[in-house]
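There are 2 protein chains.
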Amino acid sequence: MELGRREMIAGAAALAATSGSGLAQPSGRKMGYAIVGLGTYGLGVITPQFANCTMSRLAAVVSGDPEKAKRVAAEHGLPDRSVYSYANFDSIRDNPDVDIVYVCLPNSMHAEYVIRAAKAGKHVMCEKPMAVSVRECEAMIAACKAAGRKLMIGYRCHFEATNLKAIRLVRSGAIGKPHYFRSEHGFVQRDPSVWRLKRALSGGGSLMDIGIYALNAARYITGEEPIAVTAQESTDRSDPRFHEVEDQIAFTLEFPSGVIGSCHSMYSSNQNHILMVGDQGRVEMEPATRYSGNHMWTGRDGRERELIPPPGPGQTQFSAQLDHLPQCIASGREPIVSGEEGLRDMRLIEAIYRSARERQRISLAPARRG
Amino acid sequence: MELGRREMIAGAAALAATSGSGLAQPSGRKMGYAIVGLGTYGLGVITPQFANCTMSRLAAVVSGDPEKAKRVAAEHGLPDRSVYSYANFDSIRDNPDVDIVYVCLPNSMHAEYVIRAAKAGKHVMCEKPMAVSVRECEAMIAACKAAGRKLMIGYRCHFEATNLKAIRLVRSGAIGKPHYFRSEHGFVQRDPSVWRLKRALSGGGSLMDIGIYALNAARYITGEEPIAVTAQESTDRSDPRFHEVEDQIAFTLEFPSGVIGSCHSMYSSNQNHILMVGDQGRVEMEPATRYSGNHMWTGRDGRERELIPPPGPGQTQFSAQLDHLPQCIASGREPIVSGEEGLRDMRLIEAIYRSARERQRISLAPARRG
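One line per chain: the protein sequences are A and B, in this order.
Straight run, no breaks: the first sequence in our numbering ends on number 370.
Straight run, no breaks: the second sequence in our numbering ends on number 370.
Heads up, a few of these hints could be off.
[Claimed, not checked] Rough simulated footprint, nothing fancy, chain B against chain A, three-plus residues with beta-carbon under 8 Å: (1) 86 to 96; (2) 145 to 154; (3) 176 to 184; (4) 259 to 272; (5) 288 to 302; (6) 354 to 362.
In case anyone wonders, no lab produced these hints; they're calculated from the structure.
Beta carbons: idealized from backbone N, C-alpha and C, even for Gly.
If we strip away everything but chain A, and leave its shape as in the complex, we get (with noise of 0.2 Å):
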């Protein structure tokens, strides 16, 4: 049985409180990633974290492009039978440095690959969001379950120390009874041409990108799962950058408790912002979710406070939640961010839509737990 939400988060931050501090697999072995997309994301942010890992290691690349693939490979000392292409990717089976797939591709292309992954006998860490459908999530789910392997949300923002130290500080009464959450979550998407604005391959527009971060963030700092989403959409369709995506979606979630979380996306401003009101005082984040940088503060009713969470043990955000699965993986704990926890993201992201779309207030039947 899953454990709930509560215990789950602390349960993290006992993980990323811990992670760093020289415990091992039992093995002694790290853990082998193979990274599928070597893009901006898989490439530029994920592959040089595993400096800073002590349970994960790189083991292969996956790519559409053999000469950047060659190459990464070369510059990580992977060997030739450690590269491969989409076309040969379910031979990974039968490579033993490969213990976990970490899928870094286009959204409409996650289902596809986590489920080959699974077949093959690999754990799975899926970046967000976990897919483009409801539907594609739970297939997800089962195919690993059938295979007998644990998968994971790259939800990063679940081992950083900012994010972190707010769950606590709500948690343990800090603010008083929890009242209204807010998160603003953007970025100028410049270029029309990126296939984040294509619904093909991205599956829609700001909220499936950043929008995303409000959506979790509203459930991890208030640690409640909302029973109702009543959503607007502003989108300038004359813009080239917005034909076929939305660019701003505000939503407004219901939690059982009465906290009622305000969220607004957008991809025409820079905004990344948290803050948890109750009535005793707040916790506010801006930048909240950044890669680095973010900061926090607390007050009766404004920003009197920073607080800064000590620098944690060498690890980052993206080390700890490499290392979270192989320490799953090991222990056979189920991780903090599970297929389940990308599934409630979607279930809600699909309700969002249809609200905006239909113009009305839309009640979420009681997340199932398990």
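Assemble chain B onto chain A, guided by the hints.
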């Protein structure tokens, strides 16, 4: 014909900038105000502000407490004949010292005293919210029109330097194309016995009292009138403070340009914040609408530069507001925050309450103009 909102706001800024510079009413006589309601606001906040006025003076007091009224009159050198009770209020018509009646009573009494003041031949300033229903607002406007007297609503932020600077920045294109507006307004309403928590006197909870600042700011900062509103209320009805009126209410405004306005009103935490985001930057105020000590920042992604408006020519937002109505009376212009302005907010307040109650989006008829 009434000026468009943009012109009115430009006019507000211009007037505020010049009103303290020695511009005098043609006759040279300061116009006399009768303050109706010697409570926290009328006595504690407004009355001392006549010291900062160039065109206005305290001329009479109206109170249900004869001792208090006499004491205040004595402190301000008013003759006995300028002290009124609610019973003899209508005889104020015979007092040539009184040009303007300023209604600082509980919300549900605004309509009665505005109408009685107009019938007594006086111009009227009325505190926000203008009344407790659209029907009352319409009757108040009609009564003032029939009497040939001006009606102004006490929206002090239209005379507050930080807010005026924010309006100018947005209108001048400093943030590029406006995309979204956000405002939270709230404070902790501690005493369950205050009239603001009795529906018969207040007409509603936090929205009527403090949330109206967010609503009004959404309109004056964007310079637009919303075309739809969607609201969610969350109130702990077991809390003795909230047996009759709402605690929290969130409302999302859709504007014709595509701007989304996301507002939050509450009686359970101290929040006072305005943010306007465009595709080239943002303007933020926190606190935004306090009596003093408001702060403003501009930036691309966050609070990059604090802007401090130059100190005004000896006027405060309160004295500038008090002097605006005499200027309008002398020049024949409509106040920038006329009865129509109060009515627009009241139409929206009724729509917000209806949206929260019916759990549906409310489309709004285009705002009627002058």
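Now for the hints, and whether the structure bears them out:
1. 86 to 96: violated (count 0)
2. 145 to 154: violated (count 0)
3. 176 to 184: Coverage by chain B holds for the stretch 176 to 184 of chain A (4 residues, Cβ < 8 Å).
4. 259 to 272: holds (count 10)
5. 288 to 302: Holds, because 3 residues of the stretch 288 to 302 of chain A bring their Cβ atoms closer than 8 Å to Cβ atoms of chain B.
6. 354 to 362: Contact hint for the stretch 354 to 362 of chain A vs chain B: holds, 3 residues under 8 Å.
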